[in-house]
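Enquirer: Quick mapping for you: the protein sequence lines, in order, are chains P and A. Quick note: the first sequence, position 113, residue 113 per this note's numbering, numbers continuous. Quick note: the second sequence, position 91, residue 91 per this note's numbering, numbers continuous.
Be aware that one or more of the hints could be misleading.
Unchecked claim - In silico contact screen, one side only, chain P against chain A (beta carbon under 8 Å); selected entries:
1) 16
2) 19
3) 24
4) 26
5) 144
6) 147
7) 153
8) 171
9) 212
10) 224
11) 226
To be clear, the hints were calculated from the coordinates, so they are not data collected in a lab. Small disclaimer: the values here were computed from a predicted structure and weren't measured. Ideal placement from N, C-alpha and C gives every residue a C-beta, glycine not left out.
Number of protein chains: 2
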Amino acid sequence: MMSNGKAGTVYGIGVGPGDPDLITLKAYRILQSAPVVAWPAPMEGESLARRIAAPHLPEGLTEVPIRMPMVEARFPAERVYDAAAEEISGHVQAGRDVAVLCEGDPFFYGSFMYLFARLVDRHRVEVVPGVSSLMASAAMTGAPLASRNDSLAVLPGPLPEEDIAARLDGMDAVVFIKVGRHFEKIRRLLEDAGMAEDALYIQHATMDRQHIQPLRDADETAVPYFSMILAHRRGEAWRKPGDPAEAAQ
Amino acid sequence: MMSNGKAGTVYGIGVGPGDPDLITLKAYRILQSAPVVAWPAPMEGESLARRIAAPHLPEGLTEVPIRMPMVEARFPAERVYDAAAEEISGHVQAGRDVAVLCEGDPFFYGSFMYLFARLVDRHRVEVVPGVSSLMASAAMTGAPLASRNDSLAVLPGPLPEEDIAARLDGMDAVVFIKVGRHFEKIRRLLEDAGMAEDALYIQHATMDRQHIQPLRDADETAVPYFSMILAHRRGEAWRKPGDPAEAAQ
């Protein structure tokens with residue numbers, strides 16, 4: 001990371017899982033002072049990260065949309081990030097701080113890392129961690145994500161079936177992200193692992209349209225990409241974490 | 001969860017990983033209005049959760065320390081939580097909201113779950129998710145925790161060696177928590193898995209005394225319980241997440 005007295009800073013801002021009040025004080029303060037804000041969005045339509053941060057954005061900002069084609073071919077995606085990095089770099093060289101808005105946390109499966117890789121050797125880049133959808137989903141379900149000496153796996157839905165089965169083996173708790181069209185595969189694998197009975201399906205955690213239901217009742221025809229499934233080998237008992245003595249070193 | 005017009009609410013407040021500015025706006029606002037604050041602490045000495053929240057606590061609060069013996073025997077730990085739950089319950093029944101301070105996130109390996117289990121059937125309990133040390137550590141190291149379709153394991157250091165080895169197998173990224181006296185075991189297991197070379201050791205992420213270094217240089221004689229090790233199968237390349245096209249559905 002390079003820095004000089006005149007150049008600005010790139011901030012990778014975790015804006016949290018959806019509820020605008022789940023942004024951090026640090027992120028909020030940076031948004032009050034940075035004159036440029038960049039955000040990822042689909043080719044057409046709204047940016048979720050920008051919508052989450054909207055109540056906190058001052059008037060008169062310069063905005064840098066980073067619009068990504070939904071069907072990601074290799075070269076378009078790389079070109080979009082290359083172009084966004086150049087635009088951000090221009091602002092930073094001119095002395096303007098740039099806040100890049102990231103859903104959840106910037107370094108937890110976030111697209112910010114593609115900008116980070118393009119900017120970190122040229123500019124001062126600071127990552128501001130945010131509340132992840134992982135923790136937000138657990139909070140909303142009322143069931144601890146992991147406790148004591150639980151092993152926890154985070155598995156993206158697009159992984160091949162045999163890889164998921166192998167990585168599930170022996171884990172106490174598992175969170176599936178990017179569920180979308182992989183819903184049926186995941187449900188079957190959780191059934192095979194004996195973890196489906198009390199698993200929970202969550203979409204849009206902490207947002208107005210939040211939806212939580214038992215996995216067994218979920219409608220597999222209406223599963224968005226950014227939905228999650230939480231499961232625990234302790235089943236029902238995971239809501240009652242039991243004896244704290246077992247958590248000792 | 002029960003609620004009536006007169007009873008208060010129990011809030012499980014994630015205060016974030018250490019930097020007081022990494023608390024959420026939501027948590028901050030609840031701390032401005034709740035007349036009672038409870039916090040975990042060792043038998044003697046300071047509460048880390050309270051120290052993180054201290055700049056945000058108003059004057060004149062009623063405080064409920066939850067002091068836990070360091071060597072956890074079964075009955076003392078259960079009795080401490082039983083007593084704390086009774087004291088909190090008394091405030092709630094009298095119409096006072098109680099904010100329970102939790103380091104990081106309340107449902108990510110937090111002790112709040114022991115109070116939650118004791119209070120959720122009697123009172124209105126709301127969990128306010130926080131920035132976890134997991135995300136904070138990744139932000140401070142400048143290396144994404146997980147990207148694209150990475151599988152990620154979170155493994156507590158106290159797990160038996162053979163369990164760790166089995167759960168590491170095939171994972172792209174791994175975070176060890178509760179490292180402490182298990183440091184040598186973890187380093188050896190990461191070496192066996194071919195993931196030690198670029199692993200990072202982190203203690204006190206986002207705090208004044210933050211310390212980050214390559215695992216291979218870390219001093220195994222001075223490893224606190226609440227330290228972490230981050231490793232990635234891509235090694236050095238994990239800082240440069242590569243081609244976004246591979247992240248497609």
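Enquirer: Indicate, hint by hint, whether the structure satisfies it.
Expert: These are the hints, each one checked on the structure:
1. 16: holds, 7 Å
2. 19: With a minimum Cβ separation of about 7 Å from chain A (threshold 8 Å), the hint on residue 19 of chain P holds.
3. 24: Interface hint status for residue 24 of chain P: holds (5 Å vs cutoff 8 Å).
4. 26: At about 4 Å, which falls below the 8 Å cut-off, the nearest Cβ of chain A leaves the hint on residue 26 of chain P intact, so it holds.
5. 144: holds, 4 Å
6. 147: holds, 5 Å
7. 153: Residue 153 of chain P check passes; min Cβ-Cβ to chain A is 5 Å, inside 8 Å.
8. 171: holds, 6 Å
9. 212: Since the shortest Cβ distance to chain A is 13 Å, the answer is violated.
10. 224: Cβ of residue 224 of chain P sits 11 Å from chain A, so the hint is violated.
11. 226: violated, 11 Å
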